[in-house]
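The whole structure should be built from the sequences, with the hints applied where relevant.
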Amino acid sequence: MRTAWILSLVVSPLLVLGSPPGSTIREGGIKIGTGRGTVPKSVNVGRGNSAVRIGEGSRLSNSTRQRSFPTTTTTTTTTTPTRFTPQSSVNNSGNNINITKLTVGMLVPYKSFGVREYTRAASSAISVLQRSTKGPRLGLFQRYDLRVKIAMQELTPSPTAILDSLCKEFLSLNVSAILYLMNYEQYGRSTASAQYFLQLAGYLGIPVIAWNADNSGLERRASQSSLQLQLAPSLEHQTAAMLSILERYKWHQFSVVTSQIAGHDDFIQAVRERISDMQDTFKFTILSAILVTEPHDLLELVNSESRVMLLYSTREEATHILTAAREYKITGENYVWVVTQSVIENLQTPSQFPVGMLGVHFDTSSESLVNEITTAIKVYAYGVEDFINDPKNANRSLNTQLSCEGVGESRWSTGDLFFKYLKNVSVETDHGKPNVEFTQDGVLKAAELKIMNLRPGVSKQLVWEEIGVWKSWEKEGLDIKDIVWPGNTHTPPQGVPEKFYLKITFLEEPPYINLAPPDPVTGKCLVDRGVHCRVAKDSDMVGMDFQSAQKNESLFQCCSGFCIDLLQKFSEEIGFTYELVRVEDGKWGTLENGKWNGLIADLVNRKTDMVMTSLMINSEREAVVDFTVPYMETGIAIIVAKRTGIISPTAFLEPFDTASWMLVGIVAIHAATVMILLFEWASPSGFDMKKNPSTNHRFSFCRTYWLVWAVLFQAAVHIDSPRGFTARFMTNVWALFAVVFLAIYTANLAAFMITREEFHEFSGVDDHRLAKPFSHKPMFKFGTVPWSHTDSTLAKYFKEMHSYMRAFNKSSVADGVEAVISGDLDAFIYDGTVLDYSVAQNEDCRLLTVGSWYAMTGYGLAFSRNSKYLQMFNKRLLDYRDNGDLERLRRYWMTGTCKPGREVQKSSDPLALEQFLSAFLLLMMGILLAAFLLLLEHLYFKYIRQHLAKSDDGGTCAIFSLSVGKSLTFRGAVYEAQDILRHHRCKDPICDTHLWKVKHELDMAKIRIRQLEKDLEAHGIKPTQTKRKSGNLGWWRGCLQSSDRHTPPEPMAMEAPHPLPPYFDSYIDAVEVARPRDMSRNHVVSTEYAETFLPTEIYRIPDDDATRTEIAEMETVL
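If you count by mature numbering (1 follows the signal peptide of the UniProt record, and there is no 0), then the sequence shown holds residues -18 to -1, 1 to 1100, one letter each, in order.
Hints were generated in silico from the structure; no laboratory data involved. Just so we're clear, the structure is a prediction, and the values are computed from it rather than from any experiment. Here a beta-carbon is modelled for each residue, glycine too, at the ideal position from N, C-alpha and C. It is possible that some hints are incorrect.
[Stated by the list, open to error] Mimicking DSS-like on lysine-lysine, the simulated pairs with C-alpha atoms at most 25 angstroms apart in a straight line are:
1. K792 x K763
2. K232 x K432
3. K481 x K850
4. K311 x K232
[What the hints assert, rightly or not] Label-pair ranges, simulated between beta-carbon atoms:
5. A498 x T275: 47 to 57 angstroms
6. E574 x G805: 42 to 52 angstroms
7. V440 x D527: 57 to 67 angstroms
8. N587 x P760: 37 to 47 angstroms
9. E99 x V440: 28 to 38 angstroms
This is how it looks when you write it as structure tokens:
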């Protein structure tokens, strides 16, 4: 039902597009309605309102009012379907088989008495299929009655004729496919009619097996949407054959010339795709793609270096194009034109075609078309066979059931599926050719094209002669005989312009141009040293022998580098010879006293053709010379050197920040100290909350502090542990904290206890320390290369800076970099890429660039004004940038020897003094702090102790510090006096004698007393001990026992034979105190007392005279 409506949408615009020049359409167009239901709105084209309605009845309406075409007559001749019945309609069981009618349409060119010829070809093809023994035996003839509906069509039919042929001749017979075979090559309305027919068939869902000579003009987008198989060689085959000719003769570069022929965009795209496929084996370059609408469009070829042209147009258009090319002198001996099938057509040769043209061709004669009928029918039959043999298609029919009368479907639903079977067939061929197969786009896989050459014939007339064959299925698919080349020569052209000579001026600057001496014996440059370049002046070369001069390194050097590689690439692809000459004054080119110097001066004075080096582009230079597009970007940068610095004195503190150290040193340590002492003071097994500790307790606040520090730093020193369980647990918690703290600290300490690398970190050229050098003290020393782009830029924008740095300028970049490394300069300013290369080449990795680049620009090739070479070098540079050649050269030449791995390797060298200098500084600070504490200790004993003893009984101070508490007791004073006596030396010798005498008398008295005690005990007399008065000092007698005796002395049981003197007890105590101390024991143990600390009352002077006497005697002894 919707078939007519679909056709109306397609055909209506085609009526206008397909109309010949001068024709008009008075009425609106074609209106295709439906038999029932709502009639769609008509599609009107033009001013009228009336239209042709198809589908209202059984015949076409007569309401169409259309002027007949005055120039062409469209005739469609039809024949009744040719019927081919199967040989047998009875199966092996004797049962009759139902035969189904199967019709295929065939549209062929109109030809007088052609029906008979076409019918004979179709009949022969089906007969061959029925009797074939080569391929698979087809079973479709046992089920189907195959009929071929033949319709003939003249050149350039109207859209209505195309519609009639579809509706009347094919759709009414339910054709399941259409064989479209045409050999028209007008590439105008004939191509358009083919396009219309194929599109209509595709919209209806009817597969088309086509062989049309002008298939290259079909739009690829439209053909992809249609169900079309193409048996003729495609446009892609023609481009592949043409490029194979170029590959055969090593023609790498060419131009594409097209007219406005249908498919000209597809031709250019096909060429580009083929080049992309061949880039691994052969590299092509399209110099230009020209669409010729006027003769002057060919001027682009005149100004280019193209010598090989691919032409795609009709024969008539090619005549005009080649006539204009002859006038512009781009035909002849050095120019090769390679044309397509559309130019050659039927091998007729216009006189305007130049001799030596090459082209690709396939036979489009009527005989060739008739031969293709067999192939087309085979493709159809094999597709039907595969379709009906697939069990999935048991319920599907090959009858389309389409009609233009409003009855049936608008599109054959099975058509897309049937097309897949047709596309996957493989039809055998003769003569050893590969089978006929198709790509997924319906294009023939294997194609054969003839290579044609336009050459003089027997009668001196130019004729197309076959000189070879291109076969797509063979690796070396091109086979060519002798060719008559342009200009009637027998040698192929070079395909490139004749080489021309260029004088190129340079100035060395690594890595762009490096200089090295040539081999002194041969005078040649080694492979890695580049090419010869002259460094001598023109005047020095007068009368010199060139061969001997090349061996003299003062005259010739070997140039290599980024620019030399790029120059050689230009030379190979453009085709020129050159001479490299160093600029005589050795300057880059700046204005000096109003005149240009250096490289720019040579161009301005036309002493050279081209300058190729790391020449920076700026506005002043661009005003007098022409630059190419930049081949590399750059700017003004600063290079500085890294210098080894001293480790910070506080490097050992840097693993943690200030807040962390404050938290550990003030909060954690003191909190742990206080908590351990608090738990010990509150523990029953510790102080038990007593003010005075027991005599054998060895813990205090200072010892707790010592314990906390010793555990924190894992110090192997003697420490006293608390007695309480809680305090000990707290000590273990602190030890765990110390382990974690030390692990984190030591893990991060190595990163800070290394030598720091210091450098001047400038923000850029505009850094105030550089831009205003006198503002910083001491002033930095920096310079550049005079008469360079950097120097002129700084002179223009930073006058104060430029004036200051003149004293530090260097003649070359190498001298400047060396001065930075040695320390003569703090910084060197120059081109960024050159300095980056210097950084990369420094093996010690001591250099680096700092800050942002200033005055960004680029390097370019320089030519004299209006140079004819500028455009060709510009085009090449853009190509090299697009294909990555410039980037590959940059990576090769900019890579240096400075590797990060080398810096890592240096870290394993022996440690220098500066790498742990902070440890010595820490030790020195500790010594100074200890000396200060020693001073405080002396001040305490000399000034503070005697005042503190009057107000403290020794208990509270002992809790804070045992040493302080003991220093406040009598025992401590006696020990001090003992040390004084032991080490005392009188200035008078008599004093020493008296002192010794007193000591001796004391010892004798002591021995006498012991002997008397033994005598009394021998007589059984035990003297009773007299009670001491309150306030006497006998209660602390036990404190004088040695530290290893803890039992109190046994009291005497008898009275003395005579009363002892009142000072005897004091005397005995003094003797005990004066007894030599055991210095091998720990001083803490030896200074502990058996009971308690002595009170301060022993220092008090009694009131009675006896006591005074005793004390005086004791003082005498002491």
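V440 and E99 - C-beta distance against the hinted 28 to 38 angstroms: Since E99 and V440 have Cβ atoms about 32 angstroms apart, the given range 28 to 38 angstroms holds.
25 angstroms Cα cutoff - pair K481, K850: OK: K481 and K850 at ~14 angstroms, within 25 angstroms.
K792 paired with K763 [C-alpha distance capped at 25 angstroms]: Status holds; Cα separation ~12 angstroms.
CB-CB spacing for D527 and V440 relative to the 57 to 67 angstroms hint: holds, 58 angstroms
Hint consistency between K232 and K432 [alpha-carbon to alpha-carbon, up to 25 angstroms]: Distance ~20 angstroms between K232 and K432 Cα, so the pair holds.
Pairwise beta carbon distance, E574 to G805, judged against the given window 42 to 52 angstroms: Since E574 and G805 have Cβ atoms about 32 angstroms apart, the given range 42 to 52 angstroms is violated.
Whether the CB-CB distance between A498 and T275 falls inside 47 to 57 angstroms: Once the Cβ atoms are compared, 55 angstroms apart, the range 47 to 57 angstroms for T275 and A498 holds.
Given pair status - K232, K311, alpha carbons within 25 angstroms: Measuring from Cα to Cα gives roughly 23 angstroms; hence the hint holds.
CB-CB spacing for P760 and N587 relative to the 37 to 47 angstroms hint: Between N587 and P760, where Cβ atoms are some 46 angstroms apart, the hint holds.
Violated hint: 6 only; the structure is consistent with all others.
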